[in-house]
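Keeping their order, the protein sequence lines are chains A and B.
According to my numbering, the first sequence is numbered sequentially starting from 1.
According to my numbering, the second sequence is numbered sequentially starting from 1001.
These aren't lab readings, by the way, just hints derived from the structure by calculation.
Errors might be hidden in some of the hints.
[Said to hold, decoys possible] Simulated pairs of lysine-lysine, DSSO-like, Cα-Cα distance not exceeding 27 Å: (1) A/Lys226 <-> A/Lys242; (2) A/Lys242 <-> A/Lys22; (3) B/Lys1213 <-> A/Lys71; (4) A/Lys115 <-> A/Lys134; (5) A/Lys213 <-> A/Lys242; (6) B/Lys1213 <-> A/Lys113; (7) A/Lys115 <-> A/Lys29; (8) A/Lys22 <-> A/Lys8; (9) B/Lys1066 <-> A/Lys134; (10) A/Lys85 <-> B/Lys1199; (11) A/Lys134 <-> A/Lys85; (12) B/Lys1002 <-> A/Lys113; (13) B/Lys1113 <-> A/Lys134; (14) A/Lys113 <-> A/Lys77; (15) A/Lys71 <-> A/Lys113; (16) B/Lys1066 <-> A/Lys85; (17) B/Lys1020 <-> A/Lys85; (18) A/Lys115 <-> A/Lys130; (19) B/Lys1066 <-> B/Lys1113; (20) B/Lys1199 <-> A/Lys130; (21) A/Lys77 <-> B/Lys1002; (22) A/Lys77 <-> B/Lys1199; (23) A/Lys85 <-> A/Lys130; (24) A/Lys130 <-> B/Lys1002.
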Amino acid sequence: METVIRTKDLTKRFGDFVAVDKITFEVQKGEIFGFLGANGAGKTTAMRMLCGLSRPTSGEAMVAGIDVYHKPEDIKKNIGYMSQKFSLYEDLTVLENIKFYAGIYGLTDKQIKDKSDELVEKLGLQSQAKVLVKLLPLGWRQKLAFSVAIVHEPKVVFLDEPTGGVDPSTRKQFWDMIYDASERGITIFVTTHYLDEAEYCDRICIMVDGKIKALDTPFQLKQNFKADNITEVFYQLARTAKRGDD
Amino acid sequence: MKQFFSFIRKEFSHVFRDRKTLLMLFGVPVVQIVLFGFALTNEIKNSNIVIVDNAKDMASQQIITKLASTQYFKINKALLSSSQIDDAFKSGDIKLAIVFPENFYNDLLHTNKAQIQIIADASDPNTGNTLTNYVTSVVADYQAQLNATIKAPEQINLDTRMLYNPDLKGAPNFVPGVIAMVMLLVCVMMTSISIVREKELGTMEVLLVSPFKPIYVILAKAVPYLVLSLINLTVILLLSYFALDLPIRGSLILLYAESILYIVTCLALGLLVSTGAKSQYGAMTISLVGMMLPTLMLSGYMFPIENMPLVLRILSNIVPAKWFYIIIKDVMLKGLDITYIWKETLILFGMAMFFLMLSLRNFKTRLE
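Isolated chain A, as found in the complex:
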């Protein structure tokens, strides 16, 4: 197995506040890695460090075989990112959004054309390719945002709470897309606070107060904590939290 993300004692401080406290984990190629935690537990900060948006205070981190300290720019070519706001341009059409993101990742004209045809077809948006994104239902936007985040076939894609505000059936469809990407060898790093969704991940990591409190497959976690579902596991751990919900 190829290790795609590896961290050792990764830490981020803001003044006296330790947002992320010495986290150590590894993620394998093609894995769907869930990152769980209450608001303020430090999951977004951890993810931002891995994306190169934020510089770690100490510790080691490697993404797609590249060190985050030395060559953060090289990491950028190998990762995709989807924010919780779905991050599409609402006043551009579906096709224009795809072409823009493909464009800034430096795909060639032919690649851009092939890719946008392929995506539009796969999403079933042929009739809506020239429709402004703001007119699309939220579920479609979400799928489009994900497709756009992996348009350049990155090694890892980071999804920051990607299913907020979307109804359960659409969420199910969205997870089908995630499985599909994972089978193509794209590693998925996803943060969520929908605990039922955590069951879909290959492995989950639960963060409390900036530290990793549990890291295993959903099945193993439930066994260890003698719980029926991940929600129970999470609340057992979350109860120990000292930080407030901020």
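Starting from the known structure of chain A, fit chain B onto it as the hints suggest.
What follows is chain B alone, placed relative to chain A:
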């Protein structure tokens, strides 16, 4: 480079999709030019003035005839005492009084110095100022004629401010003003809003995660607004040339070069605003109140700087539009070349560099 073009294409799509903003961008200058040019002109016609002719000699008569031949004044000739003049002002009957001293022509001939007293109603400073300027320019004209025929140089105390605007048209002064304002509007407000919008939408994060460098994000944001500003400038110049018969006396290349310098300054300011603003609404407020208002007040376009209190006069020096307004007036109206305006150009250049450095530094620290 290809990535860069994808970005610029996207920026243009934003601009062209947003019909309302586009209408504002191109509608506002056109409306301003037309309004100022035809309706709201600060030319003042048929104002009631009174002339107190204590001299009643050839020179005073000639000047009065000249004044009467313009369309600006309705002249009442009267011999009033100073208290009567006071009353006339108070009742609002007259806007301006001109007093010729006794022996006016004599003084002019023999001492080579003569004085005319001009009293203006300054409760409306603009009107007062404009009327005074009209009178001075008529007197200056008379003096020029006089000196052409008589050898000895004769002086009538006067102000030569209207020298470059002999037709006394209002248009020349506001066209450069409109140019300065519109560019500020496009570059500061539009640029800051478009950057802040990316932050609000969360797309800025996605851009920062992409291999596209932050500095290119800024450049790609700037290019469309630079282009739009230049188009706007061209529209304004064409409009003032064809609709207002305002000639462009100086070099067009110099005019555009100076405009680009000013645009860069404004773009840097826009970027600076975007680093400080958290929402599009905030960006707009800062641009309007923090940038537009001081520019409107202190650039010299609406209110003459020389009439301001010292504090404001000093403060006006940090307004880039003030320098641009001087430059563009010199180039457009006086037809001067770079040797006359290099100081102002240098100041503007310094400002551009300063704001650019400052905003780039702020932009970078904000990313962390």
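To see whether the hints hold, each was checked on the structure:
no., hint, verdict
1, A/Lys226 <-> A/Lys242, "holds, 23 Å"
2, A/Lys242 <-> A/Lys22, "holds, 17 Å"
3, B/Lys1213 <-> A/Lys71, "holds, 14 Å"
4, A/Lys115 <-> A/Lys134, "holds, 22 Å"
5, A/Lys213 <-> A/Lys242, "holds, 13 Å"
6, B/Lys1213 <-> A/Lys113, "holds, 24 Å"
7, A/Lys115 <-> A/Lys29, "holds, 23 Å"
8, A/Lys22 <-> A/Lys8, "holds, 7 Å"
9, B/Lys1066 <-> A/Lys134, "violated, 67 Å"
10, A/Lys85 <-> B/Lys1199, "holds, 11 Å"
11, A/Lys134 <-> A/Lys85, "holds, 13 Å"
12, B/Lys1002 <-> A/Lys113, "holds, 15 Å"
13, B/Lys1113 <-> A/Lys134, "violated, 76 Å"
14, A/Lys113 <-> A/Lys77, "holds, 20 Å"
15, A/Lys71 <-> A/Lys113, "violated, 30 Å"
16, B/Lys1066 <-> A/Lys85, "violated, 72 Å"
17, B/Lys1020 <-> A/Lys85, "holds, 25 Å"
18, A/Lys115 <-> A/Lys130, "holds, 16 Å"
19, B/Lys1066 <-> B/Lys1113, "holds, 20 Å"
20, B/Lys1199 <-> A/Lys130, "holds, 25 Å"
21, A/Lys77 <-> B/Lys1002, "holds, 15 Å"
22, A/Lys77 <-> B/Lys1199, "holds, 21 Å"
23, A/Lys85 <-> A/Lys130, "holds, 22 Å"
24, A/Lys130 <-> B/Lys1002, "holds, 23 Å"
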